[in-house]
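All chains, full assembly: derive it from the sequences and hints.
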Amino acid sequence: MFKKFDSRISRRDALKLGVLVTAALGMGLPLSLLTKSAVAQDLGTEQLAFLFDQKKCIGCKLCESACRSANQEARDEQVKWRRVLDNGGDEGEGHFLSISCNHCADPACLTVCPVTAYTKRQDGIVVHNAEKCVGCGYCMYACPYHAPQLSKKTKRVTKCHFCYSRQDQGQQPACVEACPKKALTYGKLSELKKAPGGVATLKGLPSPTITNPSWVIIPKE
Amino acid sequence: MELHWHWLVVIYLFLGGLGAGAYITSFLAEKGFLGKAPSLTRAGYFIATPAVAIGTLMLVFDLGQGFWKPWLMIGLLSNFTSVMSWGVYILSAFILAGFLKCYFAFKNKKAPELLTWAGAFLALCTAAYTGFLISVIKAIPFWNSNIIPVLFVVSALSTGLSATSLLAPLLEKGTYHEGRANQLHLLLVVVEIIVAASFIMVMLNGSNGPIGTESAKLLISGKYQIVFWGLFIVLGLVLPAFIYLQQILSQIKKTGDIPQNITANDVGSAVLAEAAASSKIYGAHSPLMIIGDTGVIIGGFALRMLIVFAALPVWDGFSIY
Ligand code: SF4
Ligand code: SF4
Ligand code: SF4
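As you go down the protein sequences, you meet chains U and A in turn.
In terms of UniProt numbering, the first sequence has 15 at position 15, counting the first letter as 1, and numbering is strictly consecutive.
In terms of UniProt numbering, the second sequence has 95 at position 95, counting the first letter as 1, and numbering is strictly consecutive.
If you are wondering where the hints come from, they were derived from the structure by calculation, not from laboratory data.
Each hint should be verified, as a subset may be incorrect.
In silico contact screen, one side only, chain U against chain A (beta carbon under 7 Å); selected entries [what the hints assert, rightly or not]:
#1 Lys203
#2 Gly204
#3 Ile210
Here a beta-carbon is modelled for each residue, glycine too, at the ideal position from N, C-alpha and C.
See below:
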């Protein structure tokens, strides 16, 4: 058995393999360095965050649909990475909230997930790896914002990842890009916190002490 | 937003507790803490591993893609901050230790002391784990209380003791004798009443916020009031408390002796006479005791069900003002 196996990998194959690996490493390393430094340049290692200006939002839901078209996994009928909520108020009195994952400073999802499906990047983005997820649902209980959602089709959880690959390529998150009113923006949390009237929660929403969410809301009223 | 833990998780939490409690019952009996209760020294070991293993299986059935892709489950060991990961370690270790202990008990051989004690320690961890699993979830106010693990441990011991007491007469014909199990059981049930009452009070008075209060109201006056008052409080706690009390009183009357005076060191004719006397009274589990123990088990199940089903999230995920 062993001999047979040995003879299968000829010297030439081994050489080929070696060349391939070297090439991959040679190309991959600088590339990854490049992308990393690009991130470092633009956004640094500081926590990123969304800023939602409730005064500006008109409830058009373009952010929602942009999220769906930008992200394959978010196209599932049962999940909604970004949701635009409203209070049912009449014209002019309506309050909206566009919400996704808050990429919390103390992400409860990451703490409780038994299979380490969650990781937090240098820039604070909390990424969920659906490949690893066993679908136990524990994170869905832990997240106060209902960001992780279970797809009945794939039987695994998915969640907003702040369009990190778009960001790594220098693009904006799809939802931010789509917002016609600039109600939804993003940036470093420390900067966004300076926005006048900015708060970390609204009436009826979870206390920010639970997960220390990275978002700033400018409430209407 | 839909949270999807249901019956399978209820069964998991319940059987985890019951199995752990059964082990501890037989452990206490074996170590002589239940007076002369030779009939309880093995049955609990036979219950422990199957109960916890079946419970664990329920959790596996409840998984999403992990059930279809079982190799992903190896990842369950990977997050040391996840209470569920701790659970996988604790439960696996307990299932193993319990299985070995069960083998020795089955063969009527003496197990290594280290194994027996390790099993008892892991049993306690298992019982506590079923509470910690949910009490660390801050986003569910009804769960996020230190009282939950205490309540679950007490209920685990109680349901385990009941399961063991129910099985023992079938297993140990002739030698059946209860020792001080009734006293322990009365104590457990009374403690559970106090702990459960404090838990409900804490939730009702709003210490865990308005959503915690709302959950508690589902139990005492809402959707689950029948399960709460009927199954958990009356059938699972109050009725058994009276039955155990009645048994203790009649034990004292009929033997003319207070059972706790019997020490583990009692040997010889005194014990034999006492055993003979009480086996006349308790030749088998009396019908009243069967009712009490069954009530405790149903109540324990109802408790897990109530806690899981009344778990309202701190925010429903769509209401804004
Ligand atoms: S919002 Fe929820 S899913 Fe997102 S990082 Fe915070 S806890 Fe995790
Ligand atoms: S559902 Fe998936 S991501 Fe969530 S805790 Fe379970 S394994 Fe982790
Ligand atoms: S796209 Fe902008 S304005 Fe439209 S719902 Fe989303 S946040 Fe509001």
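Hint check results:
1. Lys203: Since chain A brings a Cβ to about 5 Å from Lys203/U, closer than 7 Å, the hint holds.
2. Gly204: Where the cut-off is 7 Å and the nearest Cβ of chain A is about 5 Å from Gly204/U, the hint holds.
3. Ile210: Where the cut-off is 7 Å and the nearest Cβ of chain A is about 5 Å from Ile210/U, the hint holds.
In this structure, none of the earlier numbered hints is contradicted; all agree with it.
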